[in-house]
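Visitor: From these two lone chains plus the hints, build me the complex, please.
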Amino acid sequence: MFKLDKKTVIAFGIASVLGFGSNLMAKVEKNVDGSVIYPTKNGMYTLYHVNTKAENTKFNLGRKPTKNEIKAWKIEVFPDGEGLPEGKGSVEDGADLFDAKCAMCHGDMGMGGKGYPQLSGGEISSLKNQPKGPGDEAPTKTIGTYWPYASTLFWYIKSAMPFNHPMSLTNDQVYSLVAYLLSVNEIEIDGEELDDEYVLNKKKFLKIKMPNRNGFYPNVDGKNGVENMKKFLSNPKNYGTGSRCMHNCPRGKVVHIKYELNDFHPALSEKRDLPKEVGVKKVKTRIQKLYDETCKACHGNPAVGAPVVGDKKAWAERLKNGMDNLYKNGINGINGMPPKGGNPNLSDKDFKAIVDYMVNESK
Amino acid sequence: MKLTKDKEQHLSNKTNMPLNNSRRDFFKKGFALSASVVAASAIAASADDEAILKEPKWGSKLGWPTNKYPYGVPSPYEHNVVRRTTPLLSSGDYYAAVAMCPIQDIKGIIVPNGLFFNRSHGGTAIVDPNKYRLLIHGLVENPIVLTLDQIKRYPSETRIHFIECPANGSPEWRGPQFNSLQFLKGMMSCAEWTGVKLSTILKEVGIKPKAKWVIAEGSDDSHMARTLPVEKLLDDAMIVYAQNGEALRPDQGYPVRLLVPGWEGNLNVKWLRRLEFVDKPAHAKEETAKYTMLTPSGKAIQYFWPMEVNSVITSPCPDKPWTDLKKGEWVEIEGLAWSGQGTITHVDISFDGGRNWKEAKLKGLVLPKCWTRFSFMYKWNGKPILLSSRATDDSGNTQPTIDQEVKVMGVMPIYHRNAIVTWEVKSNGEVNNVQIR
Chain A
1 MFKLDKKTVI AFGIASVLGF GSNLMAKVEK NVDGSVIYPT KNGMYTLYHV NTKAENTKFN
61 LGRKPTKNEI KAWKIEVFPD GEGLPEGKGS VEDGADLFDA KCAMCHGDMG MGGKGYPQLS
121 GGEISSLKNQ PKGPGDEAPT KTIGTYWPYA STLFWYIKSA MPFNHPMSLT NDQVYSLVAY
181 LLSVNEIEID GEELDDEYVL NKKKFLKIKM PNRNGFYPNV DGKNGVENMK KFLSNPKNYG
241 TGSRCMHNCP RGKVVHIKYE LNDFHPALSE KRDLPKEVGV KKVKTRIQKL YDETCKACHG
301 NPAVGAPVVG DKKAWAERLK NGMDNLYKNG INGINGMPPK GGNPNLSDKD FKAIVDYMVN
361 ESK
Chain B
1 MKLTKDKEQH LSNKTNMPLN NSRRDFFKKG FALSASVVAA SAIAASADDE AILKEPKWGS
61 KLGWPTNKYP YGVPSPYEHN VVRRTTPLLS SGDYYAAVAM CPIQDIKGII VPNGLFFNRS
121 HGGTAIVDPN KYRLLIHGLV ENPIVLTLDQ IKRYPSETRI HFIECPANGS PEWRGPQFNS
181 LQFLKGMMSC AEWTGVKLST ILKEVGIKPK AKWVIAEGSD DSHMARTLPV EKLLDDAMIV
241 YAQNGEALRP DQGYPVRLLV PGWEGNLNVK WLRRLEFVDK PAHAKEETAK YTMLTPSGKA
301 IQYFWPMEVN SVITSPCPDK PWTDLKKGEW VEIEGLAWSG QGTITHVDIS FDGGRNWKEA
361 KLKGLVLPKC WTRFSFMYKW NGKPILLSSR ATDDSGNTQP TIDQEVKVMG VMPIYHRNAI
421 VTWEVKSNGE VNNVQIR
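Protein sequence lines correspond, in order, to chains A and B. Be aware that the first sequence starts at 1, since it is given in the working numbering, and climbs by one per residue. Be aware that the second sequence starts at 1, since it is given in the working numbering, and climbs by one per residue.
Extracted from the complex, chain B is given alone in its bound form (with noise of 0.2 Å):
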């Protein structure tokens, strides 16, 4: 089966495609392979498929007309692939509310535009960008007040980062009660995001020694508004305008929102319209009533910025079971590891609910801040097992168990739970939330 180096470039022309190295490797290792290719007799045997035999309805008749959607959508088999609500996390009303991502859905590490989780405090605000006006004004040499399109004359910088709500999980700090991944984890998502730094922009504005603090707000009919440290504004936070190479979706903040990566969600401050420089925090609503977490001296930690590190396996997860999986098969273990305080560097997997650990292999691109896959060979023998993923990041963060975060944190934060998730895997492939504790 060796062929010559001009038989591959004879092919090579003949299909206009280069041959790779891979391809070339296949073609050498061919003999090899079909030995094994006779022991995998394996596989099994089958009857006639309808579905191949029968010339389905889309292969004899045209399809839809390339005008149809001059904004594309996706398949209509697609169409249980969306956020969703529940009552108990809306304040009563679908306003004041949070939208929960279908991770269970999510491949690789972008979320496309339309399920990107979405919270927000009185609405989605529906901005003219025609009359959008970013004012940067407080304690700085020359305040400014930028249109849309003086924004974007800046130079862009892209970055994938994921955004996740620090109230993701907090319905599970008494004990597990969602049995689905989605709303276990759902308030959260990752995405490109465009835009501009906001170092390039404050070096012309100039920044006044005393200015410690910076009140960002955004111009909804919530003005929701969060005091940042100047510190993270200039280390990498951004001013973005686009999500997935295209204009931000009106609920995550059309046109501009800020960007502090890692950090909590409605840190990312969306329909942005003012940075004010300051030299005391400002306490704002989101400072007090929410987003404060209590622990069990009665005391509450007031500000808290980054998400901690961690991490869920998606695949097996409560709504995506091995329920079709045989005994004896092999499957990939699959999930998502991220850190808001830096790089993840290791993910271990446990098949005892945490007795004992093996690490899992890290998948695609790791970058800082992000969603980050991991991915661990399984040969399933069919028993029930307890599955956890446990990750750890640059800065030397573990993710904690439930008893090592409860310890400190009590029962009563709602905010920053990053304790290990724990699947229990039944014999007959369903999967449900648990927890060790």
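One chain only, chain A, in its complex shape (with noise of 0.2 Å):
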């Protein structure tokens, strides 16, 4: 922000009065993000040239929409409950399911560590946490500590998740999942635990209050919430602004780099040669575009825990019983490994193949 100095005020004060500089001390329209307002004046837009007239044609262009149109599409869930399906689902199921489609990617109990986002755990104090080193305790944003309305757990896990199947789990099946990420973070409902038998449903839903329900702002909820966002987004020093000083400014000291960042694909290189392999080109097969889209998400990362496509010893490991019982356990599912990975689309003959690439890619 400029800053005036008192001068320049009194000498904007005079030339006002004089009758001329009245554009200098106009204010500025800011727009909803503490942005200029730019007009359409004299047939240009800032720089650019634009056709007047277009804007004040009728066009009648597509169609009504019908009700099953957009009830079909209008899949979102408000923290008033407005557009939350009936249904119901018990903490139980939702353990199941969740141990069966979602542990792989978010740990036991949604604890973390496979290198997908941690569901639970953690304390909303953390939220404090301001590391400086490696060592120092980072916030915990999960669910129970942070999350500030339950709509969207709902609205998430019904929309995206499973990561590699979305929009395939019932509304019931999201209710027990919804039911049991609140226990595993020992969120209660109406004041009541939620055990093994607890059963969400639409009521219950309602009532549920997020711990962290007040820890956002500014607050962009009922009738001056945009007002609120323009005035708290006009102030830049709401998120820190700098000075045009140009003379003798305040500096800090100098930060080298400590922790180096460079696991990099492809290496940084900015060499202008040939590449190595001009002309070959590699053509995925339909075997190999489905290991993808199914499997890849787990078999691809190292984080997850299972055997990665590649590696020789793991894969090893699970061949010692043979193909069969190797093709078998991939079908039926085997400790955090779905039937047929999650997808249950897949024919037979298919996942083997599938089986059958990942193998010889590991050999």
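One or more hints might be untrue.
SDA-like, lysine to any residue: derived pairs with alpha carbons at most 20 Å apart [claimed, not checked]: (1) B:K210 to A:V32; (2) A:K271 to B:L325; (3) A:K230 to B:V230; (4) A:K88 to A:L206; (5) A:K328 to A:L290; (6) A:K67 to B:K131; (7) A:K41 to B:D394; (8) A:K230 to B:D235; (9) A:K207 to A:G81; (10) A:K53 to B:V205; (11) A:K289 to B:D251.
It should be emphasised that the hints constitute simulated quantities derived from the structure, not laboratory data. This one's a predicted model, so the numbers in the text were calculated from it and none came from an experiment.
Guide: Rendered as structure tokens:
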């Protein structure tokens, strides 16, 4: 922000009394994000020419959507319960479902450690942590410590989980997963603990109060939500701003890189030379594509704990009991692995071909 | 050397090219220039160069036929100019991940479509344009469904805007970690977008007074949705289907994405299938678990839309050092400035890590919510310097120092880091990413 000193303010004041400089004094109208509003004037929008006639023409394009169409796509759930479907699910069913479809990425009881987000554990008080070094504890942002509304949890699971097969869960299954995730986060509903037998339904869902409900600002809910955002964003002091100091400005010390991150793919290079494999084109087979879609999220990621494709030792271990056994375990599911990798639409034949591919790539 | 008008005309006819002013000026000034050419004998003497004496391979045999690549490709020699990824920013896989733009190699303000940074939440959806539908519904007078062809029937507008992920530079809150411009600032790119202004469509749809917010949702498997204020949609938002003259790339939301100029990358919803007008914010997943900024009080800023004023020096940088620059040589210091809150008005450069500053020149087109080039001519004396840039925009905001930003935000917000970037240029010309704090 420019700082006006006393002299400038007085000079501007005189200028406006004399009738000029009124443009300088006019309060610049700001947009909802604190930015300048640019008008379209004389056929120009900033440096762009525009055909202003286009804006005053009626086009009547498109058609009315049907009720069924809107119902099919309107999947969001609001904090006040708008959009929440009827249904029910128990903590126990949620636990089984979680172990079968979620734990391979989010860890046992959602405790993380698999390279995907941690969903439970931690304390709200940790949100104040400002770690300086690698040994200091960072804030733990989980459903229980961080999320302000349970509606987001329902909507998220329903629309985007499981990661490699979203929109595959029934409403009852989503209810049970929400119940389970609330229980492992030790969240009570209406003073009641969520034990294994607890059955969550729409009525009970509306009574959920998340522990960190008041952990966010500015207040966007209610009638003044947009106005609150405008006020907040229009003052850059709310999020850190500088000044155009030109000489003898305050200055900190030089800090060099201590912990360098350079695991880059491909590795950095500014060389201008011919690539090593000109003309070699790798075309992925249908089976490789199926592997990418269904299996790679776990079998391509060492953090998950599944045998990674290419890991000779891990696969040799699993081949000890023969290919047939390997097929069987994969088709029925084993440990963290859901049946057919969570994709029931795969035929046995395709599934076996994928296993063959994975085994061959790991020899 | 002075040419008469007739002679100029003659020359012009002969070359079939009109003589412009600068060319005329050149002839006029020719005499004066020749004196300085003599004085400029500082240019090094040299031996015969094989690259000139020997006819190269490509000069003595046929090249590629014109139909070799129906869709062209860059020179094979440029194979290192690519997007790059790192497991740290990839959630354990490359589906919910980000590929960084090689901004150290980008010239001007337009990023080629194949190099545009790419962030997605469940992989790149390949949408069938024939089955593409856009639904506009909720608190509106006339809800509508539009096909791609119908969207293209509206009068088009073309604008140049950057898109930046708010996590750009996020691993650097506690200290410098990447010795590479590509990884420090590559979660952004700038392109020319074509589509229809939302205000044009919304005039026909008719927004009810109660509608203050909009849910914008993608059709990809993450069904990425965000809540936006109606005000922004009526100001400068667009529904875009083209990028740098061709259809959007799949990883930019083919066939249609929302464009909210200057705002957080993921508000520019890709594979856009739905705009629902509502009277309250939706608190979507990307407004809860991610894209919220934790501050030292333990409270978090939940919604934050514009990308703040920012800048970085692109030449030199750790990826493009001054190792071939000799003491006493002139060099152009060049960089990029941008602001989602307006138009760049000033960029200042410091050679001592921010103690003293000099104003740089802006270069080329200076447009709102767009990459803006700046330039500073510099004679390097071979001594180490701490090179920083600091941008200011027309909303009156200036880039903060690291201390100014951290004082308010702490070190855990992840998003919206726009503090001043400093390069340490060593006497051998090597460039390192450092922080002044």
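Visitor: State for each hint whether it applies.
Guide: Right, here's what the structure says about each hint:
1. Only pairs whose Cα atoms come within 20 Å are accepted, and K210 of chain B paired with V32 of chain A is accepted, the gap being roughly 17 Å.
2. With a C-alpha separation of about 17 Å, the suggested pair K271 of chain A and L325 of chain B falls inside the 20 Å cut-off, and the hint holds.
3. Straight-line distance between C-alpha atoms of K230 of chain A and V230 of chain B comes to about 12 Å, which keeps the hinted pair within the 20 Å bound.
4. Between the alpha carbons of K88 of chain A and L206 of chain A the distance comes to roughly 13 Å, so the proposed pair stays at or under 20 Å and holds.
5. Distance hint between K328 of chain A and L290 of chain A is fulfilled; the C-alpha atoms sit about 18 Å from each other, no more than 20 Å.
6. This hinted pair checks out: K67 of chain A and K131 of chain B have alpha carbons roughly 19 Å apart, not beyond 20 Å.
7. With a C-alpha separation of about 18 Å, the suggested pairing of K41 of chain A with D394 of chain B holds against the 20 Å cut-off.
8. With a CA separation close to 14 Å, the supplied pair K230 of chain A and D235 of chain B stays within the 20 Å bound.
9. Restraint check for K207 of chain A and G81 of chain A: satisfied, since their Cα atoms lie roughly 10 Å apart, inside the 20 Å limit.
10. Straight-line distance between C-alpha atoms of K53 of chain A and V205 of chain B comes to about 18 Å, which keeps the hinted pair within the 20 Å bound.
11. Taking the CA atoms of K289 of chain A and D251 of chain B, the gap is near 18 Å; set against the 20 Å cutoff, the hint holds.
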